[in-house]
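Since chain A is already given, all that's left is putting chain B with the ligands on it; use the hints.
The listed protein sequences correspond, in order, to chains A and B. Every position in the first sequence, counted from 1, becomes a number in this note's numbering once 13 is added. Every position in the second sequence, counted from 1, becomes a number in this note's numbering once 239 is added.
Be aware that a few hints might be false.
Here are the simulated lysine-lysine pairs, DSS-like style, with alpha carbons at most 30 Å apart [as the list claims (entries may be wrong)]:
{"hint": "1", "chain 1": "B", "residue 1": "600", "chain 2": "B", "residue 2": "627"}
{"hint": "2", "chain 1": "B", "residue 1": "420", "chain 2": "A", "residue 2": "85"}
{"hint": "3", "chain 1": "A", "residue 1": "79", "chain 2": "B", "residue 2": "420"}
{"hint": "4", "chain 1": "A", "residue 1": "75", "chain 2": "B", "residue 2": "532"}
{"hint": "5", "chain 1": "A", "residue 1": "75", "chain 2": "B", "residue 2": "551"}
{"hint": "6", "chain 1": "A", "residue 1": "85", "chain 2": "B", "residue 2": "436"}
{"hint": "7", "chain 1": "B", "residue 1": "551", "chain 2": "A", "residue 2": "85"}
{"hint": "8", "chain 1": "A", "residue 1": "85", "chain 2": "B", "residue 2": "429"}
{"hint": "9", "chain 1": "B", "residue 1": "436", "chain 2": "A", "residue 2": "75"}
{"hint": "10", "chain 1": "B", "residue 1": "654", "chain 2": "B", "residue 2": "623"}
{"hint": "11", "chain 1": "B", "residue 1": "684", "chain 2": "B", "residue 2": "627"}
{"hint": "12", "chain 1": "B", "residue 1": "420", "chain 2": "A", "residue 2": "75"}
{"hint": "13", "chain 1": "B", "residue 1": "446", "chain 2": "B", "residue 2": "600"}
{"hint": "14", "chain 1": "A", "residue 1": "79", "chain 2": "B", "residue 2": "429"}
{"hint": "15", "chain 1": "A", "residue 1": "173", "chain 2": "B", "residue 2": "429"}
{"hint": "16", "chain 1": "B", "residue 1": "780", "chain 2": "B", "residue 2": "654"}
{"hint": "17", "chain 1": "B", "residue 1": "551", "chain 2": "A", "residue 2": "173"}
{"hint": "18", "chain 1": "B", "residue 1": "580", "chain 2": "B", "residue 2": "440"}
{"hint": "19", "chain 1": "B", "residue 1": "532", "chain 2": "B", "residue 2": "436"}
{"hint": "20", "chain 1": "B", "residue 1": "551", "chain 2": "A", "residue 2": "79"}
{"hint": "21", "chain 1": "B", "residue 1": "709", "chain 2": "B", "residue 2": "627"}
{"hint": "22", "chain 1": "B", "residue 1": "709", "chain 2": "B", "residue 2": "654"}
Estimated spans, in silico, between C-beta atoms of each pair [unchecked claim]:
{"hint": "23", "chain 1": "A", "residue 1": "92", "chain 2": "B", "residue 2": "406", "range": "51 to 59 Å"}
{"hint": "24", "chain 1": "A", "residue 1": "49", "chain 2": "B", "residue 2": "379", "range": "22 to 30 Å"}
{"hint": "25", "chain 1": "A", "residue 1": "52", "chain 2": "B", "residue 2": "535", "range": "49 to 57 Å"}
{"hint": "26", "chain 1": "A", "residue 1": "38", "chain 2": "B", "residue 2": "554", "range": "21 to 29 Å"}
Just a few of them, taken from the derived set where beta-carbon distance is under 10 Å, the chain B residues facing chain A [claimed, not checked]:
{"hint": "27", "residue": "359"}
{"hint": "28", "residue": "362"}
{"hint": "29", "residue": "363"}
{"hint": "30", "residue": "366"}
{"hint": "31", "residue": "367"}
{"hint": "32", "residue": "369"}
{"hint": "33", "residue": "383"}
{"hint": "34", "residue": "396"}
{"hint": "35", "residue": "422"}
{"hint": "36", "residue": "423"}
{"hint": "37", "residue": "424"}
{"hint": "38", "residue": "545"}
{"hint": "39", "residue": "549"}
{"hint": "40", "residue": "551"}
In case anyone wonders, no lab produced these hints; they're calculated from the structure. For every residue, glycine included, the Cβ atom is placed at its ideal position computed from N, Cα and C.
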Amino acid sequence: MKRIISILLENESGALSRVVGLFSQRGYNIDTLTVAPTDDDTLSRLTLTTQGDDHMAEQIVKQLHKLIDTIKVVDLTVGSHIERELMLVKIKATDNDIRTELKSCVDIFRGHIIDVTPATYTVQLAGDSEKLDAFIEAVREMGIMEVVRSGVSGISRGDKFLRV
Amino acid sequence: MELLSGGEILIRALKDAGVKNVWGYPGGAALHIYDALYRQDDVYHLLVRHEQAAVHAADGFSRATGEVGTALVTSGPGATNAITGIATAFMDSIPMVVISGQVPLTKIGQDAFQETDMVGVSRPIVKHSFLVTRAEDIAETIAKAYYIAATGRPGPVVVDIPKDVTDPSHKVPYSYPSEVKMRSYQPTDKGHRGQIKRAVKTLVDAKRPVIYAGGGVVIDNASEQLIALAQALNYPVTNTLMGLGCYPGTDRQYLGMLGMHGTFEANTAMHHADVIFAIGARFDDRVTNDLEKFCPHATIIHVDVDPTSVSKNIDAHIPIVGTCTSVLTEMLAINKELKTKPDADAIADWWTQLDQWRADKGIYTASRYEESSGSCIKPQDVIKMLYKITNGEAIVTSDVGQHQMFAAQYYLFDKPRTWINSGGLGTMGFGLPAAMGCQLAFPDKDVACVTGEGSIQMNIQELSTCSQHKLPVKIINLNNAALGMVRQWQDMNYSSRYSESVYEDSLPDFVKLAESYGHVGMKITHIDELEEKMRKCFAMKDRVVFMDIDVDRSEHVYPMQMPGGSMRDLWLNKTERT
Ligand SMILES: Cc1ncc(C[n+]2csc(CCOP(=O)(O)OP(=O)(O)O)c2C)c(N)n1
Ligand SMILES: [Mg+2]
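Here chain A stands alone, though its shape is the one from the complex (with noise of 0.2 Å):
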């Protein structure tokens, strides 16, 4: 199962790789990592996502927060969440026809057209891993030339929030 970690990390050097290290040396995956700052400069905000059973999440929760830089670790899994990830795609566009159908593709996904040359579109998505992935799939025929993903970012939904 797909589980997506929220940590609040010092922000100090060396933080990073500790868990990253963390997650190679007890045998789990990261699938997808984003880190940046928060509102608070002395914070870094991590989401991550990996697959694990409800052992193997509990594991990988309690790993975290031993590092001693991580003040807090939720598995957002457990409850219910947004996440949203951004991608880019450029993708060759030179016949009329591909182009038409692309940005029909595009609107129906909710997507835009960020930068345009005589042979390609790029296009920039926001939405869950499903959303992009589907997307992915749509215009694959089309010829994709690059994508970039964000990773996912994770935020629990109503009055929850995580804060030092």
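This is chain B with the ligands only, laid out in the frame that chain A set:
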């Protein structure tokens, strides 16, 4: 405020952290620090002969005293030599601070002379690490390092200090923090009260209980509480390799060590238990044998200070995260008030069964090995003799191999912090330097290093350190002329093909070797000379004595769990099994 250089600040901060001795080895990146050490008398430095030994010695000091050990090494090879020692301490949760010199900040990342990314290299084997980038940060970092090392589940902390940060010409104000607070680190102390109540009730209702106590009880100084609880309930206790001594080895309620080379009675009791109270233990694979077949009837209560240890290998029915001392203290109080008492008949039946197992196939009552005769000295008998001559009161360190298991089985430790061994990492070469640390801590105690001719050669150079710093440890070398534990596995699993476990004729003359360092060497080849010579050895209070004892080369360690079996599936000797 006083102005000090980074090097001076470091030494002053060590003093303020309560450090009295540091084991180390100098080199370029640490020279400013060594110069600051030279100009003071508060912190005593002991020069070793290899950085691995510095870390093991600091580790031995810590295990014997409960204080945080300290090692100091230079960058590059000094730092990498320390790694095995750090990993050893990490696996056994030993509080320790290792300070490493680093190339100047201006050179970091340039493949400078003796540059190693120490924080990176040590990352998976430390509790935490720091790279200090300003002299102003040294005191606070040291305070944090000692706090982190000693609290929660203890462990080694690395403090890496670039050379320019200790520059003698750059002076900054010194102040040592009066307390350490970290928002990201707040170790748990007390366990969940409701869970503790449930645990006591479950324990009291048990019909076939076993208390399974590990190194956590030693580390947290919780022996007294453990003994009180076990004796209030009249329940049997087994200790892990790391827990030996936390429950008295000579007590009637003690079943001996459990696990791979544990006693028949302890392993069999675990298998049949209906309630297992695990405290400060972590269901290590050297204890449980096959997890699928582990203790099929047991309700498991698991107390540990580290949440990641609870329900990691075996799901606990009643998990409790808290320190051993605080949880046991609460359990004692709850038990006192509780109206229900253990079912006396059931417990009496259980003891009848346990005593039967002990009498039938027990490790101490029946002779589990052929006795020594003539020039065939049984290693077990050497340990029994050591026990007799030291009145069971020595601090015993060991290396890794058969000799370690014989020591663990046959020296009955009555007190915690008297059995000092590398349980988790199993580091050959640990015994001698660890013994130095113990001897420094307890100058008047007998400190015996039980070792093998293989292990002792991994840090034999420390015989020189013993001379320089007057550390009169006694070395009990169970010389079986082989990497005995390797050979045992080769006997059992590889049709006695002794691939690289024997040395042909290359062993040194250990007596002459000891003498060349200025120590006393003794060779024992006959059982009749053992007692007298060992008495002489321990009578020489201020000398290092190296007893090189030829022991039976064909002896194996038994009992031994059968791979893939349950805890009670054991080889009892070369031909008999359960
Ligand atoms: C540093 C290190 N290398 C290898 C091993 C694997 N090993 C475990 S026991 C052993 C043999 C030890 O021989 P010795 O010290 O003579 O003890 P004996 O088993 O003969 O009593 C070896 C090689 C180890 N534990 N540590
Ligand atoms: Mg040997």
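Do the hints match the structure? See the list:
The suggested pairing of residue 600 (chain B) with residue 627 (chain B) holds, with an alpha-carbon distance near 23 Å, which does not exceed 30 Å. The suggested pairing of residue 420 (chain B) with residue 85 (chain A) holds, with an alpha-carbon distance near 16 Å, which does not exceed 30 Å. The hinted pair formed by residue 79 (chain A) and residue 420 (chain B) meets the criterion: a straight-line CA distance of about 16 Å does not exceed 30 Å. A C-alpha spacing of about 26 Å is found between residue 75 (chain A) and residue 532 (chain B), which places the hinted pair at or below 30 Å, so the restraint holds.
Between the alpha carbons of residue 75 (chain A) and residue 551 (chain B) the distance comes to roughly 10 Å, so the proposed pair stays at or under 30 Å and holds. Taking the CA atoms of residue 85 (chain A) and residue 436 (chain B), the gap is about 29 Å. The hint holds against a cut of 30 Å. Restraint check for residue 551 (chain B) and residue 85 (chain A): satisfied, since their Cα atoms lie roughly 21 Å apart, inside the 30 Å limit. Distance hint between residue 85 (chain A) and residue 429 (chain B) is fulfilled; the C-alpha atoms sit about 20 Å from each other, no more than 30 Å.
A hinted pair counts as satisfied when its Cα atoms are at most 30 Å apart, and residue 436 (chain B) with residue 75 (chain A) qualifies at roughly 24 Å. The hinted pair formed by residue 654 (chain B) and residue 623 (chain B) meets the criterion: a straight-line CA distance of about 17 Å does not exceed 30 Å. As the CA atoms of residue 684 (chain B) and residue 627 (chain B) are separated by approximately 15 Å, the hinted pair is consistent with the 30 Å bound. As the CA atoms of residue 420 (chain B) and residue 75 (chain A) are separated by approximately 21 Å, the hinted pair is consistent with the 30 Å bound.
Using a Cα cut-off of 30 Å, the hinted pair residue 446 (chain B) and residue 600 (chain B) holds, with the two alpha carbons roughly 23 Å apart. The suggested pairing of residue 79 (chain A) with residue 429 (chain B) holds, with an alpha-carbon distance near 17 Å, which does not exceed 30 Å. A distance of roughly 27 Å separates the Cα atoms of residue 173 (chain A) and residue 429 (chain B); the hinted pair therefore holds under the 30 Å criterion. A hinted pair counts as satisfied when its Cα atoms are at most 30 Å apart, and residue 780 (chain B) with residue 654 (chain B) qualifies at roughly 22 Å.
As the CA atoms of residue 551 (chain B) and residue 173 (chain A) are separated by approximately 29 Å, the hinted pair is consistent with the 30 Å bound. With a CA separation close to 9 Å, the supplied pair residue 580 (chain B) and residue 440 (chain B) stays within the 30 Å bound. For the given pair, residue 532 (chain B) sits about 29 Å from residue 436 (chain B) by alpha-carbon distance, which is consistent with the 30 Å threshold. Note on residue 551 (chain B) and residue 79 (chain A): the hinted pairing holds, with a Cα-Cα distance of about 14 Å set against a maximum of 30 Å.
Our distance criterion of 30 Å between C-alpha atoms is met by residue 709 (chain B) and residue 627 (chain B), whose separation comes to about 26 Å. A threshold of 30 Å between alpha carbons decides the hint, and for residue 709 (chain B) with residue 654 (chain B) the separation of about 26 Å falls inside it, so the pair holds. The hint said 51 to 59 Å for the Cβ distance between residue 92 (chain A) and residue 406 (chain B), and at roughly 52 Å that hint holds. In this structure the hint that residue 49 (chain A) and residue 379 (chain B) lie 22 to 30 Å apart at CB holds, the actual value being about 27 Å.
About 53 Å separates the C-beta atoms of residue 52 (chain A) and residue 535 (chain B), a value consistent with the hinted range of 49 to 57 Å. For residue 38 (chain A) and residue 554 (chain B), the Cβ-Cβ distance of about 23 Å falls inside the hinted range of 21 to 29 Å, so the restraint holds. Annotation: residue 359 (chain B) was flagged as interfacial toward chain A, and the flag holds, the nearest CB pair being 7 Å apart, inside 10 Å. Taking 10 Å as the C-beta cut-off, the interface hint given for residue 362 (chain B) holds, the closest approach to chain A being about 5 Å.
The closest approach between the C-beta of residue 363 (chain B) and any C-beta of chain A is roughly 5 Å, which is under the 10 Å cut-off, so the hint is satisfied. For the restraint placing residue 366 (chain B) at the interface with chain A, the shortest Cβ-Cβ distance is roughly 7 Å, inside the 10 Å limit, so the hint holds. For residue 367 (chain B), the suggested interface contact is upheld, since its CB lies about 4 Å from the closest CB of chain A, less than 10 Å. With its C-beta approaching chain A no nearer than about 8 Å, residue 369 (chain B) sits inside the 10 Å limit, and its interface hint holds.
Restraint check, residue 383 (chain B) versus chain A: the minimum CB separation of about 9 Å is within 10 Å; hint holds. The beta carbon of residue 396 (chain B) comes within 9 Å of a beta carbon in chain A, closer than 10 Å, and the hint placing it at the interface holds. Taking 10 Å as the C-beta contact cut-off toward chain A, the hint placing residue 422 (chain B) at the interface holds, the least distance being around 6 Å. This hint holds: residue 423 (chain B) has a C-beta 5 Å from the nearest C-beta of chain A, less than the 10 Å allowed.
Hint on residue 424 (chain B) holds. Least Cβ distance to chain A is approximately 5 Å, under the 10 Å limit. Proximity of residue 545 (chain B) to chain A holds as hinted, the smallest CB-CB distance being about 7 Å (cut-off 10 Å). Here the hint on residue 549 (chain B) is kept, as its CB sits about 8 Å from the closest CB of chain A, short of 10 Å. The closest approach between the C-beta of residue 551 (chain B) and any C-beta of chain A is roughly 6 Å, which is under the 10 Å cut-off, so the hint is satisfied.
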